[in-house]
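Construct the complete structure from the given sequences, taking the supplied hints into account.
Protein chains in written order, with this note's numbering: chain A, 1 to 392; chain B, 1 to 285.
Check the hints yourself; a few may be wrong.
Taking lysine to aspartate or glutamate pairs in the EDC-like style, the calculated list, with each CA pair at most 16 Å apart, reads [unchecked claim]:
#1 B:K19 / B:E84
#2 B:K232 / A:D318
#3 B:K175 / A:D318
#4 B:K175 / B:E165
#5 B:K175 / B:D150
#6 A:K22 / A:D80
#7 B:K19 / B:E42
#8 A:K22 / A:D318
#9 A:K22 / A:D58
#10 B:K175 / A:D296
#11 B:K175 / A:E295
#12 B:K175 / A:D299
Worth flagging that the hints you see were computed from the coordinates, not collected in a lab.
Residues per chain are reported as follows:
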Amino acid sequence: MTADADVNAARPPGPDGLVMGKDGLAALVDVLIRRGFTVVGPTARDGAIVLAELTSADELPYGWGVELEAGRYRLRERSDGAAFAHAAGPQSWKSFLHPSRVREWSADRVEGELVLTADRGTPPRYAFLGVRPCDLRAIAVQDRVLTGGAYRDPGYEGRRSGALLIVVECTEPGATCFCASMGTGPAAGPGHDLVMTEVADARGHRFWVRSGSREGAEILAELPTRPADAETRETARAGVTAAADRMGRSMPEADLRELMAGTLDAPRWDDVAGRCLTCGNCTMVCPTCFCTTTEDVTDLTGDHAERWRLWDSCFDLDFSNLHGGPVRASARSRYRQWMTHKLGTWYDQFGSSGCVGCGRCIVWCPVGIDITEEAAALHDWTRPERPDPEPS
Amino acid sequence: MTLQPVPATDPRPTLAVWKFASCDGCQLTLLDCEDELLGLTERVRIDHFLEMTPAEGADGGRARLEGRGPYDLSLVEGSITTAEDAERIRHVRRVSRYLVTIGACATAGGIQALRNFADVDDFLAAVYARPEYISTLATSTPISAHVPVDFELRGCPIDRGQLLEVVTAHLAGRKPRIPGHSVCFECKRRGTTCVTVAHGTPCLGPVTHAGCGALCPAYGRGCYGCFGPSDKPDLRSMVAQLRRDGMSERDIQRVFRTFNAASPEYAPVPELAAEERRDPPAEGS
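Here it is as structure tokens:
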């Protein structure tokens with residue numbers, strides 16, 4: 001949802017929403033492009049469903065699903081031709097809202113004077129098509145981090161304020177998904193402009209669509225739709241409800257913040273450190289990890305300099321490098337920092353969990369380290385009845 | 001073309017490029033700087049660089065051909081494989097204020113360091129019709145094994161942008177921005193889908209020093225580690241992962257025995273690969 005959208009705006013289609021077919025999806029992309037949006041959505045490329053700029057709905061991954069496991073991602077063909085029957089892919093929307101590489105300013109020496117130029121170009125107006133409910137929550141988390149406090153990121157604000165969010169509820173969770181246990185899905189929460197639920201069965205391929213903002217309602221009014229019939233609504237709702245029961249993973253039923261704070265000396269951290277490559281992949285794919293580093297670039301003349309901001313990671317030794325060396329030199333300290341921040345101290349800092357249960361860190365860890373498994377092991381360690389590892 | 005005498009009042013810092021046992025690819029990266037090359041020569045005086053010096057030489061050019069110095073910045077390519085080179089690198093150090101090694105040979109010993117794991121006389125007998133003509137050391141060693149080095153630039157070959165960064169940073173008196181993290185950072189920043197996770201392709205990216213911009217994975221193949229080990233790499237976990245991705249013990253040993261074979265970080269690999277054989281990972285772990 002755009003920042004100035006009125007959540008309580010009249011919704012002409014009514015609470016029952018509308019139904020459209022594949023032609024409606026095609027029209028949606030065309031309408032968005034005509035309205036000046038840069039449309040970004042899922043498309044199958046390089047053996048994965050990636051997020052890319054779309055010029056037509058034909059580029060959506062119709063008939064592609066995914067098979068996920070810890071450290072493993074494979075595309076699988078689907079017979080139902082569904083466009084959104086896939087769980088989180090290798091990227092998240094932060095690639096667009098909080099890009100990996102941004103020039104912040106440049107400086108030139110002109111006749112002995114230093115001239116600074118901030119990089120404040122007009123960002124594209126994004127329309128994100130196919131935002132999963134977990135990722136909708138992730139965007140809200142990054143909103144709080146990057147614009148919610150005393151130090152606001154104007155670049156993020158510029159990209160975010162114009163972004164239109166079209167959510168597709170989740171009916172096909174992956175084996176690594178655990179949004180249900182994080183309370184972030186599979187049904188869409190607030191903050192979207194349009195929300196769709198895809199149904200592809202014997203009665204046809206169709207989308208149950210509801211608007212969440214005035215702009216969403218205006219766009220919906222331009223699409224070929226019909227009033228939502230009860231059967232489609234019920235099938236769609238049932239699909240989302242069933243998805244909640246088909247999550248491949250779940251977090252332990254515990255206060256994760258307390259769990260993290262109370263297990264800082266658990267031997268499990270040594271165990272995970274023995275597997276962790278400290279490669280940084282988990283942080284890069286995480287839709288809420290926001291850390292960056294600053295690089296100053298000078299050219300050969302010494303008369304031109306640029307300041308760039310790049311994604312960084314708490315797994316980078318240089319990330320905590322202070323006078324005397326890195327504060328977190330061991331793999332144990334770096335993994336612990338990441339996980340305890342994500343699940344625990346994030347609450348203290350930003351008022352919510354930093355984890356939305358998308359499962360990307362599990363899938364894209366080359367050695368398949370599973371944050372839910374690590375949390376469960378820590379939880380087991382805190383239980384009084386835990387078995388003595390060295391029975392006497 | 002004749003070499004012009006250098007005016008004594010030239011304010012530019014002097015640059016020297018040196019070659020030891022190597023293929024010349026790294027020093028040619030300097031000439032490959034095309035668009036920046038003229039700008040570079042305005043900022044530094046290239047005083048010793050045989051690859052861009054006329055073969056015939058000229059009167060007065062002798063000192064430059066020998067490299068008598070002194071030089072503000074020396075770029076050193078290649079490893080030390082002969083007794084003569086072991087002496088020559090001491091001369092280079094003596095005449096250089098700031099010494100940067102460029103590439104895997106100078107930084108880790110290069111692919112020629114494979115001799116370190118075998119008997120060099122066997123190689124000589126196998127390769128040369130008249131082995132007695134060959135005078136060589138039993139090992140190939142990095143420059144840092146012989147003289148103090150101020151900065152080591154990785155890669156086989158080095159990256160053009162990183163070379164310019166090191167030279168530019170030196171001129172500006174600042175630390176070069178050459179991160180020591182893994183290649184995975186570069187894949188993720190450029191949006192490349194992980195070839196290990198999505199395709200099952202073995203990849204050394206998680207333990208390999210960034211700098212190439214994650215070139216190979218962008219073309220769908222695994223990283224083969226030409227930039228050498230990243231900061232504090234976890235070889236034990238990497239070896240286990242390579243085994244899961246289908247590599248044999250022999251393949252795992254060989255994939256680390258390339259341009260950076262003699263990197264100390266890789267030393268445990270044969271033992272780790274053998275451990276994997278004795279204690280294979282459980283299915284699905």
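Right, here's what the structure says about each hint:
no., hint, verdict
1, B:K19 / B:E84, "holds, 13 Å"
2, B:K232 / A:D318, "holds, 11 Å"
3, B:K175 / A:D318, "holds, 13 Å"
4, B:K175 / B:E165, "holds, 10 Å"
5, B:K175 / B:D150, "holds, 11 Å"
6, A:K22 / A:D80, "holds, 13 Å"
7, B:K19 / B:E42, "violated, 23 Å"
8, A:K22 / A:D318, "violated, 49 Å"
9, A:K22 / A:D58, "holds, 10 Å"
10, B:K175 / A:D296, "holds, 10 Å"
11, B:K175 / A:E295, "holds, 11 Å"
12, B:K175 / A:D299, "holds, 14 Å"
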